[in-house]
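Visitor: Sequence:
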Amino acid sequence: KIKCYYNHNVFGKKIDYSKFKYKVPRSKPWSINNIDMAYLIGLWVAEGSYGKNRINIANGDEDITDWLKSIGFTYNGNVNYGLNRSYVFNLFKHYLKIPSGALNKKVPSKILSSSKKEQIAFLQGCFDGDGTSHIKGISYCSISYQLVHDIHIMLLNFGIKSTIKDVFWKKNKLVNKDS
Numbered sequence: 496k497i498k499c500y501y502n503h504n505v506f507g508k509k510i511d512y513s514k515f516k517y518k519v520p521r522s523k524p525w526s527i528n529n530i531d532m533a534y535l536i537g538l539w540v541a542e543g544s545y546g547k548n549r550i551n552i553a554n555g556d557e558d559i560t561d562w563l564k565s566i567g568f569t570y571n572g573n574v575n576y577g578l579n580r581s582y583v584f585n586l587f588k589h590y591l592k593i594p595s596g597a598l599n600k601k602v603p604s605k606i607l608s609s610s611k612k613e614q615i616a617f618l619q620g621c622f623d624g625d626g627t628s629h630i631k632g633i634s635y636c637s638i639s640y641q642l643v644h645d646i647h648i649m650l651l652n653f654g655i656k657s658t659i660k661d662v663f664w665k666k667n668k669l670v671n672k673d674s
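Residue numbers for the sequence shown follow this note's numbering, so the first one is 496 and each next one is one higher.
Read the hints as simulated data drawn from the structure, not as lab findings. A hint or two may mislead.
[Stated by the list, open to error] Beta-carbon label-pair distances, calculated as ranges:
no., residue 1, residue 2, range
1, I648, G596, 31 to 37 angstroms
2, N528, N548, 36 to 42 angstroms
3, N573, K509, 33 to 39 angstroms
4, K547, K612, 28 to 34 angstroms
5, K660, N571, 21 to 27 angstroms
6, A597, I633, 17 to 23 angstroms
7, N548, V574, 20 to 26 angstroms
8, G654, N579, 37 to 43 angstroms
[What the hints assert, rightly or not] Quick list of in silico lysine-lysine cross-link-like pairs, DSBU-like style, CA-CA up to 30 angstroms:
no., residue 1, residue 2
9, K656, K601
10, K656, K508
11, K612, K656
12, K588, K564
13, K631, K588
14, K514, K631
15, K612, K660
16, K564, K612
17, K588, K605
18, K605, K514
19, K592, K656
20, K631, K592
21, K631, K508
22, K656, K514
23, K508, K605
24, K656, K564
25, K508, K564
26, K547, K588
27, K592, K564
Since this is a predicted model, take the numbers as computed values, not measurements. Built from N, CA and C at the ideal position, the CB exists for glycine as well.
With the sequences and hints as input, model every part of the structure.
Guide: Okay, here's the thing in structure tokens:
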């Protein structure tokens with residue numbers, strides 16, 4: 496278990512991606528700053544999947560898809576965008592150890608121990624993917640309890656009160672489990 500206090504504001508250092516040594520022959524260099532990388536990781540955790548030596552993100556928001564295209568993603572039909580870079584694929588899968596499958600998703604440990612700015616960017620990516628705003632505030636929905644729990648811990652660390660509710664779909668309506 497992780498012990499976290501409300502408004503504790505404990506953060507780590509910026510992630511050093513140079514420690515990930517992976518050489519791709521005849522590959523164009525791909526560079527992205529740490530804040531954009533943290534945002535991309537959050538967006539991928541919310542709406543991403545792995546392909547063969549590629550990462551995919553399904554999102555229909557024009558601002559997000561324009562940004563994805565600006566960093567090298569290509570449109571694959573419907574709302575699917577992919578990045579064919581084995582470096583990034585291996586960075587996500589092996590260095591950050593982000594598991595595949597919606598049920599297995601969680602916040603990477605390197606994000607949990609990263610800088611405050613990187614954690615903010617990661618949360619922005621997550622909420623841009625699977626978050627919703629409404630009259631009572633914001634919500635985040637995932638099939639992965641571990642991911643929801645990790646985000647809850649991050650929010651508490653920032654001093655943001657949050658609760659976890661167990662919900663399910665009933666006749667096209669989201670319902671609290673205890674209802």
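Visitor: State for each hint whether it applies.
Guide: Now for the hints, and whether the structure bears them out:
1. I648 to G596: 31 to 37 angstroms: Violated: the Cβ-Cβ distance is about 21 angstroms, outside 31 to 37 angstroms.
2. N528 to N548: 36 to 42 angstroms: 23 angstroms, violated
3. N573 to K509: 33 to 39 angstroms: This hint holds: roughly 35 angstroms between Cβ atoms.
4. K547 to K612: 28 to 34 angstroms: Hint holds: Cβ distance 33 angstroms, inside 28 to 34 angstroms.
5. K660 to N571: 21 to 27 angstroms: 34 angstroms, violated
6. A597 to I633: 17 to 23 angstroms: 20 angstroms, holds
7. N548 to V574: 20 to 26 angstroms: 22 angstroms, holds
8. G654 to N579: 37 to 43 angstroms: Given about 40 angstroms between the Cβ atoms, the range holds.
9. K656 to K601: Between K656 and K601 the Cα gap is close to 20 angstroms, so the pair holds against 30 angstroms.
10. K656 to K508: 24 angstroms, holds
11. K612 to K656: Given that 30 angstroms is the threshold and the Cα spacing comes to 19 angstroms, the pair holds.
12. K588 to K564: 21 angstroms, holds
13. K631 to K588: Not satisfied, since the Cα-Cα distance of roughly 36 angstroms exceeds 30 angstroms.
14. K514 to K631: Outside the cut-off at roughly 42 angstroms; violated.
15. K612 to K660: 27 angstroms, holds
16. K564 to K612: Measuring from Cα to Cα gives roughly 23 angstroms; hence the hint holds.
17. K588 to K605: Given pair K588, K605 holds - Cα atoms ~13 angstroms apart, limit 30 angstroms.
18. K605 to K514: The hint holds at about 12 angstroms.
19. K592 to K656: Roughly 28 angstroms separates the two Cα atoms, so the pair holds.
20. K631 to K592: 35 angstroms, violated
21. K631 to K508: Between K631 and K508 the Cα gap is close to 34 angstroms, so the pair fails against 30 angstroms, i.e. violated.
22. K656 to K514: 35 angstroms, violated
23. K508 to K605: Holds, at roughly 10 angstroms.
24. K656 to K564: Answer violated: K656 to K564 is near 35 angstroms, above 30 angstroms.
25. K508 to K564: Satisfied, since the Cα-Cα distance of roughly 29 angstroms is no more than 30 angstroms.
26. K547 to K588: 12 angstroms, holds
27. K592 to K564: 25 angstroms, holds
In this structure, the earlier hints numbered 1, 2, 5, 13, 14, 20, 21, 22 and 24 are contradicted, and the remaining ones agree with it.
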